[in-house]
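S.K.: One letter stands for each residue in the lines below.
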Amino acid sequence: MSLIDSPATELLQLLKSAEVTAVEVTQAYLDQIARYDGRVKSFLSVGSERALEQAATIDQRRGRGEPLGELAGLPVAVKDVLCTDGWVTSCGSKMLADFVPPYDATVIARLKAADAILIGKTNMDEFAMGGSTENSAFFPTTNPWDVSCTPGGSSGGAAACVAASMAPLSIGSDTGGSIRQPAGFCGVTGLKPTYGRVSRYGLIAFASSLDQVGPLASTAEDAALLLRTIAGHDPLDSTSAPVDQPDYLANIDQPLDGLRLGLVREHFGPGLDDEVGAAVGQAIKEFESRGARVQEISLPHSKYAIATYYVIAPCEASSNLARYDGVHYGYRTDEAAMLADLAEERKQLAAAGDEAGLANLDSPLMRLYRLSRSEGFGPEVKRRIMLGAYALSAGYKDAYYVKALKVRRLIRNDYDAAFRDVDLIVGPTTPTVAFGLGEMVDDPLAMYLQDLYTVSANLAGIAGISVPCGMTSTGLPVGLQLQAPPFQEERLLRAAHMFQQATDWHTKRPTLAAETP
Amino acid sequence: MTNTAYETIIGLEVHVQLQTNTKLFCRCSTSFGAEPNTQTCPVCIGMPGSLPVMNRQAYALGLKTAVALNCQIPEFTKWDRKQYFYPDLPKGYQISQFDLPMSEHGWLEISDPKGAFETKKIGITRAHLEDDAGKSMHDEAAGRSDSRIDLNRTGTPLLEIVSDPDLRSADEARAYLSELKLLLTYLGVSDCNMQEGSLRVDANINLHIAQGERTAATPIVEVKNMNSFRAVERALRFEANRQFESWQANPVELGSPGGHKTTRGWDDQMQITRIQREKEESSDYRYFPDPDLLPVTATEADVASVRGALGELPAALRVTLAKKYGIDAYDADVLVNQGRPLVAYFEELAAACDDGRRASNWVQQDVLRLLNEMDATIDQFPVTAAALGELLKFIAAGDIDNTRAKDVLQEMIDAQSSAAEAMAKLGIEKVDASDLESLCRELLAANPAVVADLKEGKMKAVGALIGQAKKQNPNVNPAQIKSICIELVKQL
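Line by line, the protein sequences are chains A and B.
Using this note's numbering, read the first sequence as starting at 1 and increasing by one per residue.
Using this note's numbering, read the second sequence as starting at 1001 and increasing by one per residue.
Next up, chain B with everything else stripped away, as it sits in the complex (with noise of 0.2 Å):
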């Protein structure tokens, strides 16, 4: 085996189901899990004569999502027919946008604190609207062939938002897709949940292989049927090795004969692409304008009052976090990667106590634990931000260590009671500096070898007075017996 270099080439189509309370071109609604065929009209059943009128919501979701993804918005755009025969596609065309799409050329920027790969602005080929087919149910127990179809999901509006082939590693693809459910999510335009189907990704990926001085690309494949984003992450990791193998089993590049685009599924169970359709049919879908709806326009000041209305978008937000609070970068990723509910707890919490570092670690480590633990969300924690604040702040009094914190956190929450309250209640109270101080110097002359090995310099030596100073008065704040002994010690 040679050891080729090569490069992975990925672009991701993602559809996102717009959150709007009825579907793009009729009344029906779009909520999920009612029974099949129950959310349905003539309209998005296409029954004859039939006729489709817009969503003005749907367009209004779609051109903020657009303009947050840095998009030029055109003056104008239309619908189109895009032609095939489904039996859950009933009117044998979907409506969808082709050559003048709602909005073109955004990017959508990603990065990686932890360093896999440099920061970088991935492309936005176009995003535009398009209504949903139904759901096919196929049932091919034994020997039957029945299937039977949902149309209550047809007519939904989507959002296809299709990036340029700028990813080049399926971590860079997991990021890529996480900023975007991340700004998604910030935008309230969907609820991105990947198992009702609200977001949907298909890859396309090949590799770009060095033959000395020209470079080799494999043919295109089109990667479908990934359900999370763990699985788009192992199904392009496996894609790339299996087109790495074939290349120097067979190397075929793409365009040449046998080199045309293909489509493989990911078989979550058996962690691997199967072929789904092998011969290249060259999908012609008739595109053209659909007669029965007008051209929407979109003016300057529109983009505008959309824009100013966008409010700040995670990418800006970190920056702000970072700066106003003095957190790193790194902080400041994983509490806006919780999404805007948490972000203002946050900065509640970095009023109320007035320090932006301790807000920033007791959220990531204490809240977001309890959190976990509970299986909820920042609006479901039982202790305001205002009620931790207060903890927080005898914290920085010096009134209560850290890990006593944690237990009087805790105590909030069972007895949802203020950080007074759940003090009292541990009989946590505030020792006095001259007590703190005679205590020391009783240890100290208990200790003498300890206090010996602190006069070489051997400081870890003051633990051991941290545990005895604990047993006699729980409520001392071991990081003043520390200062306070190793004072004495140079005194003496």
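So that you can see chain A by itself, here it is in the shape it has in the complex (with noise of 0.2 Å):
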């Protein structure tokens, strides 16, 4: 098995008995990204030179005997959504293309902490709101599986890294199903965690109450590795939870016997495809041919999931988006064209003695912040930030804001009367495979239901796993979702790992064509 194959828990035993070194593995994964990325387009930059240096530093202290980090030399891919100190993160977007924060975000510290090898950044939509990836202010990204299909999003980039083996471990974020989607899409494992076990500090914000942060890897067991790293209370980030943390993979073998796994009635209604259904249906009959006992549940309130989610997201998403108005740091609009605008405006104004014209006109301030945000945001961001203004707005806020917090309410409520019954809820992790580039992008409400199955977990706060189960006749994987009660991510994970040794869905890989000179 070459390097780029092997999953991160066996590389990183390569790694300790130094029968392989950190910069092997890195040059490997960079070799990687060199052949293929040029079509994948999963980066938005790569850190060769630091990954190198980096890598060649812990050989050299693992020469000496010093102690390492839980992942040393292991390469792990960031989403650009978390900040990297002195390394641009962009977000996706154009209003912050430049920028470089002066600071790490707690899981970047604990990575860096661990001796993990930050080796790029990875694209995404833009400000994590999308679910293609093509919102991205820089390029789309593509699916490895089939170039010509979106890898989904938010972290597109974050997963089809991991499905082209251009990283063996990868970090997204998840507001309303950013990883488990991609995961799902990509062929790869994706685990979003409770709402409060991993540090949001340094997670460029969309929605602060549903944005978390979570491992993509090519098994369950990778995953937990990750999370082991990155979970864990921080003082820096209120909502983190101050939870004991188990180690993810202490028990991860053990089979989880007398399994109760419940059937979301809802989540196999009109719009599931055939194929994902079946395949979904298929990997449910492998748990039960493990023991796993099955049985039919309801989650009444999803129905309105997908609006209370489309209400809750943009208004929080309205408010923490106010900070990119061009006067502290980010994109700015041409200062000296819009102040020569404004003047030609006045004059015009002025000689058609247009009194109420003259008065209307923006004070360079308010141009500022006009312009600066309209070039620097995309459509997609611009349309959600509308959608919660109005939302918060004096006259509709208890209509609407106000409304979806109580459905949110229910929602949890559903969850918490149906894991008094089930240990785990099993379903779809989307309603489709992986659609065509541009398919969707005319229709943000159909894009929208593709998160159907996975924002509930968002709005209840509670973890959720994306794991490949299938493949459609064209070749595209199909995404498996179990959800666990609120810190039951071991539990997770071992079903996880306990169908990842039953099928070997996982291990496959596209076959990428390399990019022609």
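It should be emphasised that the hints constitute simulated quantities derived from the structure, not laboratory data.
A portion of the hints provided could be inaccurate.
[Said to hold, decoys possible] Using 25 Å as the maximum straight-line C-alpha spacing, the simulated DMTMM-like pairs for lysine to aspartate or glutamate come out as follows: (1) A:Lys382 with B:Asp1088; (2) A:Lys397 with B:Asp1099; (3) A:Lys403 with B:Asp1099; (4) A:Lys406 with B:Asp1284; (5) A:Lys347 with B:Asp1171; (6) A:Lys94 with B:Asp1407; (7) B:Lys1078 with A:Asp398; (8) B:Lys1135 with A:Asp362; (9) A:Lys382 with B:Asp1284; (10) B:Lys1082 with A:Glu335; (11) A:Lys397 with B:Asp1284; (12) B:Lys1181 with B:Glu1373; (13) A:Lys403 with B:Asp1284; (14) A:Lys285 with A:Glu335; (15) B:Lys1082 with A:Asp362; (16) B:Lys1135 with A:Glu335; (17) B:Lys1261 with A:Asp362; (18) B:Lys1224 with B:Asp1302.
Since each chain sits alone in its own frame, please combine them into the complex, following the hints.
M.R.: See the structure below:
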């Protein structure tokens, strides 16, 4: 097995036993990136030089017998939504195209402390808003299984780079399904932890009450490895939970006896693709054959989940994105041109004797805001800012935002009730497999429905994972979603691992054509 | 001009900077006067991905104040985002409290010892915490429109204390502010320095004008930019007159077309208010709970423990001092209004000389005068309460009169000596009673006209004898000379 096809847990053993060096591992992935990322376009920036330097340092330290971090020498790709000290963090937006944070996100700091090698920053939908990575201000990422398809999103680059063996481990973020959906589309394992499990400090906020950072990897075991490093209470994030941190790897090999699986009636209704349904059905049989008991459950308010999500997330986003105003950092419109335009407009209004027009003419500050934000944000971001600002405005707030909060509570109550009867909830990650690039760009509502099975977990704050469970006739991966009660990631990972012990979907990798020079 | 009666309705919004070492949601320093933008971090300048973490000390100071203002403290309070765009607000929102503030429904009692108004309780609508914005500095000199922003202040903890519209005059408003500032000073929650912006006042004012059976209300005006209590008083006086004149010229009522709320700024140079915001901008702040922060809970036990640790506050202290030391309410007021350290000095002095009234008089007439001359605070006063108490005891014993005692006090300050040492240096010694009597006899014998006057009951005549006595012996006590002479004349 070549280095790039080995799971991270195995690579780590090879590194520890000095059978391979960190430089060799890093170089192997950098070579893979050089060869194929021209087509996949999963990275916004690759830190080859600094990654190799860091790898060399780790090899030296290992040679001297110094203690090393738990991920020492393993390359990790990071979604460009996490702030990296001294390294451009664009969040997929023109607004932050040149933004260099002077600090590390807590997750990044933990990866560094674990001696992981930050290999690159991955592409994403602008400000994590989207489900195809086509909303990236820079370029769309393609699906390594079929480059005419999207990898999903918003963590499209994070999923695609693992699928294309350009990184053994990758960090994504999930606000409504942004880890699980691209993991499903790209045939990799992606975990959205419980809200509060992983620090959000330094995660550029989309919707603060829904955002959660999580791992993407080839296997559940690898995801557990990465989660162990990034999870845990952080005093810099008031919403990070002060709860005990289990060792997710310690018991992962122990099968869950008598596992009770809940099948959500509402997740097998209209809109579910037949092939997806069949693959998920097969996967459930697999669990049953290993002693799991499956029962149908109902999440009656799940039908309101999309509507609820598309009120709450834009409301928070409209507020979180107010800071990008061209004043302190980030994109600013061409001031000289702006002032010249204003002067010209004033002149014309004065010449026309238009008193009202003159009175309503923007101040330079107002025009600076207007243009900087108009030019710096893409259409989907603007759409959500407008949705959110509207839903929070006087006269509408109670009907939209406040009502959505109440429904959110009911959705959580549904889960609490369901988890009294079952240990995990199982179903498809998405209604369909990866769709074609450009297929949905003009239909935002169809795009929003991609989140049908995933948003509820964010609204309820629970944990969810997507693992590959099949292939369509067209050769695209199908994702199986498992959901667990809050802070039961260990159970979730054990169940996913149990499934991966019995199946080989997670070992399948696309055949990529190298870029023709 | 008709002589219409009107009532002035005033409510005040006071922003108090809480005296914490660090900001409300990050660990940057709150100290005043540093180089611009040197006390900032990713959190307070709103960099992407940064998150706020509440400063428990700020909450504790806010809670202390709210309890002292007799507010109800709900068990549960939360943070909300107040959203608006401004360059000195880098997050695009202020973290404040909207529908569940940390305290509500309190009161502060105000009174005027001179009787300008009746003692009354002013309702406190609410007191809530929020983070401060930065400072914009506009340089609009000669064709330039250069604005600079200092974010050092951004994130400094503020307590916004909103009064009910219970104030009825500029005098009452001033008294409310003085009492509030005194309370905050006693609590040690703020330095209340208006020049440095630690205490800021906005006022809402309108008039209720009797129109036969009904009352008409003038449009509410919010007055800003008042940089001292005196400015508040003057601005409110000006604004009440302006509104009345405006009403007489053009009677527009609150709520009628053109009767919307406006904002005016106080121009201290011109002593007038000027319009700042003409249009009623229905400012929609799109408040919603800040998802980055957890709600804060305060149990009854928490509140009780805060209440128990408040110490004696000004209103109670005035009553205590008057009762304990037998001094007038007016004197107790003067002492208490000087602050806790001066009250402590007074109490120590009263104990040392065992005479509350004498101690009160000396503190008010001499200590305060000297502090004023020295431009010092009581803790810098060179004479300890014990040392001054010794001097006051000499007075009580009749060893020295008040006038000479003032010279002694000055000598104590100049030579940093005790009362006894200063008296010795000034050659003051007690005059023997028999010496005094023989001196008086001599004086009466030498001044038959004075004796005649005294016999006729013209007691003032004795003054001439006192002057002569002091000439012969500067240590004599005028009061004793007076009483001895009168006694001797009676015996004649």
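S.K.: Looking back at the hints listed earlier, which ones does the structure fail to meet?
M.R.: Hint check: 5, 6, 10, 14 and 18 fail, others pass.
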